[in-house]
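Student: Chains as they are written, first to last, in our numbering: chain Y, 284 to 601; chain C, 38 to 374.
Honestly, the hints are just simulated from the structure, not real lab data. Because the structure is a prediction, the values reported are computed rather than measured. Possibly wrong hints are sitting among the right ones.
[What the hints assert, rightly or not] Distance condition first, Cα-Cα at most 25 Å in a straight line; then the derived DSS-like pairs of lysine-lysine:
1. Y:K324 - C:K307
2. Y:K552 - C:K242
3. C:K73 - Y:K552
4. Y:K480 - Y:K341
5. C:K320 - Y:K560
6. C:K320 - Y:K432
7. Y:K293 - Y:K512
[Claimed, not checked] Here are a few chain C residues that sit away from chain Y, every Cβ distance over 10 Å (derived from the structure):
8. E43
9. K48
10. L97
11. K102
12. N125
13. L130
14. Q230
15. Q232
16. P333
17. P344
Every residue gets a Cβ at the ideal spot worked out from N, C-alpha and C, and that includes glycine.
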Amino acid sequence: MSFMQINDLKVHYPIRGGFFNRIVDHVYAVDGVTMELERGKAYGLVGESGCGKSTTGKSIVGLEKISSGSIIYEGENVTNRRRDRSSSFNRDIQMIFQDSTSAMNPRKRVKDILAEPIRNFLNLTPQEESKKISELLEIVGMPEDAKIKYPHEFSGGQKQRLGIARAMATNPKLIIADEPVSALDLSVQAQVLNFMKDIQNEYGLSYLFISHDLGVVKHMCDYINIMYKGRFVETGTRHDIYNNPQHIYTKRLLSAIPDVTPVGREERKRERIEVEKHYQQEQAKYFDENGRVFDLSPISTTHFVATASSIALVKEGI
Amino acid sequence: MKTSQELLNIKNLHTGFRIGDTYFDAVDDVSLTLGKNEILAIVGESGCGKSTLATSIVGLHDHNKTRIQGEILFKNKNLARMTEDEFNEVRGLEIGMIFQDPLSALNPLMRIGEQIEESLIYHTNLTKEQRRERVLELLNQVGIPNPSRVARQFPHQLSGGMRQRVIIAIAISCKPQIIVADEPTTALDVTIQAQILDLLIELQKETGAGIILITHDLGVVAEVADRVAVMYAGQIIELASVEELFTNPKHPYTRSLFNSIPQMNSEDEKLNVIEGIVPSLLKLPRTGCRFAPRIPWIPASAHEANPQLHEISEGHFVRCSCYKNFYFAGEEGGQTS
Chain Y
284 MSFMQINDLK VHYPIRGGFF NRIVDHVYAV DGVTMELERG KAYGLVGESG
334 CGKSTTGKSI VGLEKISSGS IIYEGENVTN RRRDRSSSFN RDIQMIFQDS
384 TSAMNPRKRV KDILAEPIRN FLNLTPQEES KKISELLEIV GMPEDAKIKY
434 PHEFSGGQKQ RLGIARAMAT NPKLIIADEP VSALDLSVQA QVLNFMKDIQ
484 NEYGLSYLFI SHDLGVVKHM CDYINIMYKG RFVETGTRHD IYNNPQHIYT
534 KRLLSAIPDV TPVGREERKR ERIEVEKHYQ QEQAKYFDEN GRVFDLSPIS
584 TTHFVATASS IALVKEGI
Chain C
38 MKTSQELLNI KNLHTGFRIG DTYFDAVDDV SLTLGKNEIL AIVGESGCGK
88 STLATSIVGL HDHNKTRIQG EILFKNKNLA RMTEDEFNEV RGLEIGMIFQ
138 DPLSALNPLM RIGEQIEESL IYHTNLTKEQ RRERVLELLN QVGIPNPSRV
188 ARQFPHQLSG GMRQRVIIAI AISCKPQIIV ADEPTTALDV TIQAQILDLL
238 IELQKETGAG IILITHDLGV VAEVADRVAV MYAGQIIELA SVEELFTNPK
288 HPYTRSLFNS IPQMNSEDEK LNVIEGIVPS LLKLPRTGCR FAPRIPWIPA
338 SAHEANPQLH EISEGHFVRC SCYKNFYFAG EEGGQTS
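Chain C extracted, bound-state conformation (with noise of 0.2 Å):
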């Protein structure tokens, strides 16, 4: 689904740790689009890479110890081939982030108002007084109840959903066009979260922004998003509009994630559980199918030898044609595990 206003393209990315003297990709081969006015929720296990995107798009990676190939571009620009001293132009500017514990976020022996007031500092040409004006603004819109006492206050006299209120004021002080939201209510309530996401969802309409939403959590994903690309071992193994993937979803790995959730009505049903573990970056195979040894009872034949995206109808991606020979284990047709 290419939009015609694309806001960032991401071309076969690579971002790999190094480790002694070699480069392990936690990221292999992520090639994404991000839309104006789009929800792009990236899905995904512990492990899989997801974060690591997440910190290569906002260069927040060390530099010392990770090596990013491929582009990230961006108004004609390669943000990963930019200096730190010109991404400092960008990040906060043009492209906000939003990070998971926002008392970690936070600075906790400075004011809610100051730290909203940095970001404007450095980007903008505003006053004194028009700062102070637009940090009352900001809190106000991210519907936080009497901004003037809250500006004045420090981050630990805040409740979580206050404080992540806060992060998300500093996200969008100046306008982006990116917000790039690393888990922004893991930490929160179910009720708090609920808050958060329709507060991201107006935002998104006011200001039409472009997010990109990294969660692990299924339910926040069918709530908020237009797309969805699921990562599995560092690569994008299935991408769908948000209706497609959840109403039909064609890789293994997808539809063993949805078979695991708990759900409202599964009551006294058995849970799916995905074999074996997530392959930690060291010892993870990089060539064939990545999901494969997790589907012992899938014939080796039924993988492609170099897995690629495939199309299967307009906007839908699934890497490897596994997906049309499978089955889950103990299923008609399927051996016994």
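If we strip away everything but chain Y, and leave its shape as in the complex, we get (with noise of 0.2 Å):
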């Protein structure tokens, strides 16, 4: 059962110009995205850059305006309410940025930092504080003394373990983690990876993994959605994403990315580009006359892909 809905979120930013700087036109970064949210499953959101996927990110956790749409968290409509102190929505949403550094103040010392949370919402003594402090330092795997020390003291898998721990202070049940690893090396990259895995497992949260490194996503997540234009082009498991994929634009994300085996290189590059001249052949039939994303229709149960109805698809036993 699900305890989020997104329901047709939609960012637009305008555009000024012309006599008085009136609206113009709008961008519509993020144009109609609907999703569910289950406890305990990851979820990732991939794109190429500029597509929308931090706008979405941010938007839920009510960092960024929302046009139309709506938010429900648990029964409950919190599209307006994001920011409201009261509102349960604010503490159990938590969100993990890709550039640890600029994410914490340079000037606090970690305790400080990670007792920003802890003020805002949980109401605890300066014992009990330091207490929570220092469990959530263990349950990252950081020593102690890292209290009293500042930000620029870690190294960058240390800065995002700190990341993480802040937004693991109030107990939240969903973490929106914007390309958490993408700014760090492979081994680093790895150990914060397995962590976040550990931790979801023990604590039961769920991620909304923005990402564009489709090898990190698949690893990480259960359901994935792949989005274009601020919509999204389809939406399935990571199987079904994987193994069927059934939109152009996906067919061409999955090609492009380079294979970790030398071996049969040629072929692949081939495959590549053979993919490529379909999408600027096929490209016309897989977006409406104003280059805009189909809607979402179901090829099974679980796996979603925008197309006209024009297109035939591969069911999947519907």
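Please dock the two separately framed chains into a single complex, following the hints provided.
Tutor: What follows is the structure, encoded as structure tokens:
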């Protein structure tokens, strides 16, 4: 049973211009995103830069104004109360940012950085607060003396772990992770990903994992949404997406991922060029006359593809 | 693997940065060769010295704070000993460079055409008309649609992929024999990355240039490289052909790296984590196996006192003997760490 529904979420930025700086048009950054989130599951949001994936994440936590659509959290409409401290939504949804260095105040010590959400939401005495911070540091595997240090004294992977500790402070239900590992080296990335999986299993967290790295998303997520121009072009379980991609954009994205085996690379290159050619030719069929992505239609119980009804899809048992 | 047509031969290169009064070698005794028609990938994590190696080859380091020892032989000339004036004759003409961030590598106030023309003005005697023609030819060659319009545009009017194409056009404008590409696709989306890599391979086939590709992305390496050098803490720790390295990695560091890639079929498995952190330049132990502190479960006797590169099969070099006794923590025969 899903605990959170996002219905037809839209974020439009006005473009001003002309006489008196009137609004002449809009940028449709997020243009009709619908999602259901279940407890303990990880959801991937994948797309190229500028497709609206980060805007989607930010608008859910309330860092971005929503133009239309609604967010239902545990049966309650929280669309306009996302930043309302009396609502549990604000406490239960936390975010991890891509660049942990700029996400932390360089003039605050770690204990004050971690205490911020605690002071905002939990109302603890100083002793309890200190205990809670020690617990958090233990969860992310950092030594006790990290408390009195400043963010610049840590390496990239450690800082990202502190970012996770801060997000964990209020015992959230959902963590929105916006490219949490793309600034990290491979071995450190592995460390952070392992760790995120561990705490997910232990605390029954849900993740909304925003990334452009399909390898990472496949490793982490149960469900994957492929996004293009502010809309989903294909959603499904990771097996649906990777083994049976239907939308031409998904196919193109998958074919472009470099494989870590040099064997057969000539063949992969030919395939990739083939897919790209196909994409250029067939593109028009997959988008409507305004270049907008079609609405999603189901091809199995979990797998949805955005297509016009004119294109025959391989149906999977329905 | 010594190719008969050797373009570049780096011998015992040390590049050190001055901190206070001492120099700390970021590149520590690196020897490499680059052949004609070859793509040599240099991989490693941040801080391993791969970019320092690149800037040493193209001579873009700060002369007051850097000390270069050893030889970089190119056409019987030692690039490491060249003065700035001498280097200006080589850089751009015979050695091209592609940078990671195409936006900061382009001048925001100059039109694309002028920027490509710059090196043509400096290095060639072409007339104005010939240069214009060459610019359009280059833009066409790197797959930019409508070259005459793009030549009049400014960098901010182009997308990231297009900008990187312009950078490549500048790099190949004088038909260099060597192209040094420092993370050319890191700032780009996967679909664009694939296009740029395909373009690089295509251009290399046309011109026969040797490419030094610096990257941290093992996927990119697998797709394009002929030969791979893995760097750790300023040293090359493994060097082999791409097939050999990916099917038969030997050094503990290389093997650990491969195990930490979230692969398409790794799904719910745990990723391998390398213990500890990359040592900083200042605290780097200059003797013994530099990777030893990160595999503490391997006994000290397995390492060499002064690790050397050993050729274990033709063209496959591994540093230190610890690879022979290496196993992952928790594996059979291993103690739990």
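Student: Against this structure, judge whether each hint is valid.
Tutor: Hint by hint, here is what the structure shows:
1. Y:K324 - C:K307: 17 Å, holds
2. Y:K552 - C:K242: With Cα atoms ~15 Å apart, K552 (chain Y) and K242 (chain C) stay inside 25 Å; holds.
3. C:K73 - Y:K552: 23 Å, holds
4. Y:K480 - Y:K341: Holds, at about 22 Å.
5. C:K320 - Y:K560: 52 Å, violated
6. C:K320 - Y:K432: 21 Å, holds
7. Y:K293 - Y:K512: 12 Å, holds
8. E43: 23 Å, holds
9. K48: 28 Å, holds
10. L97: Consistent with the label, L97 (chain C) stays out of reach of chain Y, its closest Cβ about 24 Å off (over 10 Å).
11. K102: 22 Å, holds
12. N125: 35 Å, holds
13. L130: Given that every Cβ of chain Y is farther than 10 Å from that of L130 (chain C), nearest at about 31 Å, it holds.
14. Q230: Violated, because the least Cβ-Cβ distance between Q230 (chain C) and chain Y comes to about 7 Å, which does not exceed 10 Å.
15. Q232: 8 Å, violated
16. P333: Nearest chain Y Cβ is 15 Å from P333 (chain C), so the label holds.
17. P344: Its Cβ never comes within 10 Å of chain Y, the nearest being 20 Å, so this holds.
In terms of the numbered hints stated before, the structure departs from hints 5, 14, 15, listed from lowest to highest.
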